[in-house]
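There are 4 protein chains.
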Amino acid sequence: MLETFDADLAKRHIEGLWKMYAVPPSKEPKPALKPYLWKWKDVYPDLVRAVEVVELGVNEERRVLRLVNPGMQRKRSTTQTLQMSFQIVNPGEIARAHRHTIAAIRFVVKGKGAFTNVNGEKFEMAPGDLILTPGCSWHDHGNESAEPIVWIDGLDSPLVHYLGVGFFEHFSQERQPITQPPGYSLARSGTLRPVQSGSPQTLPYRYSGEAALETLRARKGDAGSPYDGVFLEYVNPLTGGHTFPTLSCCIQMLRRGERTKGHRHTSSACYHVVSGSGSTYVGEEILTWEAGDCFVVPPWSWHNHANGSRAEEAVLFSINDSPLLESLGMHREETLAE
Amino acid sequence: MLETFDADLAKRHIEGLWKMYAVPPSKEPKPALKPYLWKWKDVYPDLVRAVEVVELGVNEERRVLRLVNPGMQRKRSTTQTLQMSFQIVNPGEIARAHRHTIAAIRFVVKGKGAFTNVNGEKFEMAPGDLILTPGCSWHDHGNESAEPIVWIDGLDSPLVHYLGVGFFEHFSQERQPITQPPGYSLARSGTLRPVQSGSPQTLPYRYSGEAALETLRARKGDAGSPYDGVFLEYVNPLTGGHTFPTLSCCIQMLRRGERTKGHRHTSSACYHVVSGSGSTYVGEEILTWEAGDCFVVPPWSWHNHANGSRAEEAVLFSINDSPLLESLGMHREETLAE
Amino acid sequence: MLETFDADLAKRHIEGLWKMYAVPPSKEPKPALKPYLWKWKDVYPDLVRAVEVVELGVNEERRVLRLVNPGMQRKRSTTQTLQMSFQIVNPGEIARAHRHTIAAIRFVVKGKGAFTNVNGEKFEMAPGDLILTPGCSWHDHGNESAEPIVWIDGLDSPLVHYLGVGFFEHFSQERQPITQPPGYSLARSGTLRPVQSGSPQTLPYRYSGEAALETLRARKGDAGSPYDGVFLEYVNPLTGGHTFPTLSCCIQMLRRGERTKGHRHTSSACYHVVSGSGSTYVGEEILTWEAGDCFVVPPWSWHNHANGSRAEEAVLFSINDSPLLESLGMHREETLAE
Amino acid sequence: MLETFDADLAKRHIEGLWKMYAVPPSKEPKPALKPYLWKWKDVYPDLVRAVEVVELGVNEERRVLRLVNPGMQRKRSTTQTLQMSFQIVNPGEIARAHRHTIAAIRFVVKGKGAFTNVNGEKFEMAPGDLILTPGCSWHDHGNESAEPIVWIDGLDSPLVHYLGVGFFEHFSQERQPITQPPGYSLARSGTLRPVQSGSPQTLPYRYSGEAALETLRARKGDAGSPYDGVFLEYVNPLTGGHTFPTLSCCIQMLRRGERTKGHRHTSSACYHVVSGSGSTYVGEEILTWEAGDCFVVPPWSWHNHANGSRAEEAVLFSINDSPLLESLGMHREETLAE
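Residue numbers (this note's numbering), protein chains in the order written: chain A, 45 to 382; chain B, 45 to 382; chain C, 45 to 382; chain D, 45 to 382.
None of these hints come from the bench; they were simulated from the model.
Cβ atoms here follow ideal geometry from the backbone N, Cα and C, with glycine treated the same way.
Take the hints with a grain of salt, since some may be wrong.
[What the hints assert, rightly or not] Lysine-lysine pairs mimicking DSSO-like chemistry, simulated, CA-CA at most 27 Å apart:
| no. | chain 1 | residue 1 | chain 2 | residue 2 |
| --- | --- | --- | --- | --- |
| 1 | B | 55 | A | 85 |
| 2 | A | 154 | B | 55 |
| 3 | D | 74 | C | 119 |
| 4 | B | 63 | A | 83 |
| 5 | B | 264 | A | 119 |
| 6 | A | 71 | B | 119 |
| 7 | D | 119 | D | 71 |
| 8 | C | 119 | C | 78 |
| 9 | C | 63 | D | 85 |
| 10 | C | 74 | C | 85 |
[What the hints assert, rightly or not] Simulated restraints, written as ranges between beta carbons of each label pair:
| no. | chain 1 | residue 1 | chain 2 | residue 2 | range |
| --- | --- | --- | --- | --- | --- |
| 11 | D | 45 | C | 319 | 50 to 60 Å |
| 12 | A | 56 | B | 330 | 15 to 25 Å |
| 13 | B | 330 | A | 223 | 44 to 54 Å |
[As the list claims (entries may be wrong)] To give an idea of the interface, some chain D residues facing chain A are shown, with a C-beta separation under 7 Å as derived from the structure:
| no. | residue |
| --- | --- |
| 14 | 256 |
| 15 | 276 |
| 16 | 281 |
| 17 | 282 |
| 18 | 283 |
Build out the structure end to end from the sequences listed, making use of the hints.
What follows is the structure, encoded as structure tokens:
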């Protein structure tokens, strides 16, 4: 009789709560997202193969390999809110100028001589550099060197798709004109700024990879975080707040032999190994990584990191969605009792 | 050859962007969400039938009819971020005390003599009353009258599920003890408040339905909003900001014969008709509603409202996700040129 | 030789720091402001005499007795930042409509039937009522009853004078037209508000005296503040923050026989005794007060209050400058060790 | 008869408002502060003479020439809220480590090889450098070179004195130990910051003079401000907001032959001419300045600047109290109609 009722309701686009509560609600987050590791030794040959196999055309203007978490089979994304991908750009190739609601970052993995133009300013890209393309900023990129270049794309696209609020627009030309002098954004975010009201809150920006490594080395002697070693955020250059409202970028150094303590939090993160090797323990799983690899730590999963090497530091770049959860009052953290 | 490559990539949980871009990105949001109308004359008999058919037990302690948008077949929710449902509570029935990350509101449709206890305070529920149960507050409810009571539940559950950050906990007893005097929350949010620092930002609260109608009537002569008539938000009683960080509650009056202008915005809304009748035009569709009905307006859909009656005002209660979009910098609105 | 040098410097409007440091800097604030008590039994006859002696004319349109702290002989004000005064208004008298940078409050001491018009809204004034006139709002007042009325004016005029930023303007007519319906401000600050952006942050407002007493009585059983008994702030009705950016209004009840603990803070306060009697200990001094009296507690002075009566509660209204000091990061408090 | 009444009131520390309103209130600010110019060619010999005449001892440990505005004869300060002074430090001299509520800045005029230690970090001082000593931070300074050094002190001391909230404390030793590595503050305010909550909002800091000039030169082609040429603020390195809550530091370049438009505002400013020469028109007065001079522009005074030279840019450093006025809602500006 309940079955008949359920069927009748379904016709009217109604569903009894009892159907949902056939499974009682979980006391804690049980993420669909899985801990997962993508190996550079697999990914790099795939990138090379993509160059051979994928012909660029109108709708295929980029050779991008999207990391799809095994727990996100329907959403086809790296986490529920974030997308991490590898992009390879051959000498001479460009991506047409466009803009979208989605905010993006690029982190350069390999090769020199690429560029991203954002809102009329050209940003050179060297290994380790991080480039911010805030939501709704015009951008295009290309490779002016003689070598293929590889970078990581980080985007809040799964969030934007989920919310159903994405706009997309092509620029009137293939490449936008460079209207700003080099160092324009750097100057606007420096400690000397034009006196004016109604300043913007986001800015296209390039964080130098070399400078980041230098900062990490300079802080090697710090206590650091018990859960993350020397752990730094790329702050919003205008306000000192999170990188973006939807996404925070971080870089961390696990010192020789360092093994961090376990904790868990409601934010999730995608990591990329910049250098060194080690392991990340997520719940029951061990993700054993080396330079170039990427991996995911799901929400509310106990995890800790270990740099197994006594000879070399390990450096991890990561993106996470803690700014979103904090602004909703849904960020929560738990640390392992001693 | 691309197909082989795609298959190989899939084994490694990787996907080429070209697969996604087989369909070029849309210039504007193309919501999966559909405009849809649920008729009270269908829903009410279903509620009555639920009382007969659904036996309450351990996992089925509530008779709740969840409105499932035809565009949300997989998510089984009213919009991508919000859930609107009808609940019927028979005399003597209670819902066990519990709390969860999900924030909830109740809007009373029919019947007097129900109550919701939140964080030790008892809130009486009369038709038109709105009760706030902020995320993580203990709550239980029941019906002490001789008549069944019907209310609307509004929740940010689809957002919490999407983010994968939901906690849930039963209270140690069936009903929480009432530890606060009547009017406790009202007193804490009045214009005279204890001098103290570190005040909370959310509060359990009851907005009187009678007072809401009186306020609407008092403002009948206002210009109001060209898109929404006399349009009021239930503000956070502590800060004057949005009702919740995830969800805003509003009530509006379309005056006799009033026909609003069209606009569209990236937020989406679920409406419940408190009184009167009229039509809402959403894109190509006309939703013709009367008292007790519920309907959905998807993101970025042109819409306007009309009160067809020259004799009676129409009053609409609604919930929407504009606070979330605003905090992400993704709220956008467009109005129809004259 | 130093003297010659000092004299030469003085001619050029320069002064050696050594002249200032002839007295070494004090380790702690040594306020010029003195603890001081004005007795109602003196003030009231003075108000009556003012009616007889002071003829109202173009530049003397108000009979206001300004309390001048003995430590503020040059500034002629109640504290360095605040002015507290008594005003008496005879039946039929009005004060011309005007506005100024200075923000003002009125607290009614005696008599019914006066009114203050602020920005086109008429506010009735009964004993214990508090009326806010935010900076730059048009206001005028009068007495439509058959009895003289007495109220307290609280202003941030010493701060505005100090800063040298005061504007003043007469309205085009003696009295401003009433353009808002009764309850207009109350409605704008209620929990149901028009949905709009760019809302103002201050509002003309009336806090009912009866409601304030009722709230105090309802909280009689609270623990309250160890330093102030039941201590409530009149919060900004729009934001829940301090009454004004420059000035906070508070009301407190010292219960029968209650004697508070000592503390000191960098903010200073002017009190008015609404009802009851008691003593305030400020440093070495004892201020013994009864209904109608006013007194001052200087910055960084140890103080505590005692209601000596076992039969009656004592109620104190006060204004203080803590919002200013907090926004400058200069608010500091110290409590007496047990 | 009114006179007798006034005299009687005075005994009771009361004053009739009619005494104040003998002079009707001014429609606009009529600042006590005067436009005034101190010439370097006078000040420098005075500094040299101070070295000869003023012997340093316990209470005279600094040779500081305080600029005293002719309109501030009683307050003995440069403006109502700000103090600008010249300090000369001979080789080998130090100022004992101490801290106070007063916030301070140093701007180096002449000489290399001095240092300021703030909160355990040593900051070198070269011409044009700006050093921040936030309120309540430990500081001491000295001169390790073979030449006398001259700098400008900028303080919010008149405001702190006015408010009566100043604390002062000597460090346990003459000089504080250097506990931070060089570049410590720079690193804490860089775009890569440790991930942590509860971050401070102010920071000791050094802005390089060379970098400031370079920034000005780089912006020479900007439109700039119509009232101030190329006009830059030294922003808070942690938040991008004003330099201090009480005081903003700015530097501006008037290009060859540039003559700005007139405006006036409620904030007041103290200027120091870094290089070049020109005139500032304040009301009826012309202040004709050259390198090393200092001058004051009072609140609400029409003013504009002119660089008379066709050969050289003029650079002005200045401090002003706009952050204070903005936080009180009392900042107002007016521009000259065309």
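Structure-based check of all given hints:
no.	hint	verdict
1	55/B / 85/A	holds (15 Å)
2	154/A / 55/B	holds (25 Å)
3	74/D / 119/C	holds (17 Å)
4	63/B / 83/A	holds (22 Å)
5	264/B / 119/A	violated (47 Å)
6	71/A / 119/B	holds (20 Å)
7	119/D / 71/D	holds (25 Å)
8	119/C / 78/C	holds (13 Å)
9	63/C / 85/D	holds (23 Å)
10	74/C / 85/C	violated (31 Å)
11	45/D / 319/C: 50 to 60 Å	violated (35 Å)
12	56/A / 330/B: 15 to 25 Å	holds (19 Å)
13	330/B / 223/A: 44 to 54 Å	holds (47 Å)
14	256	holds (6 Å)
15	276	holds (4 Å)
16	281	holds (5 Å)
17	282	holds (5 Å)
18	283	holds (5 Å)
Of the numbered hints given earlier, the model fails hints 5, 10, 11; all others are met.
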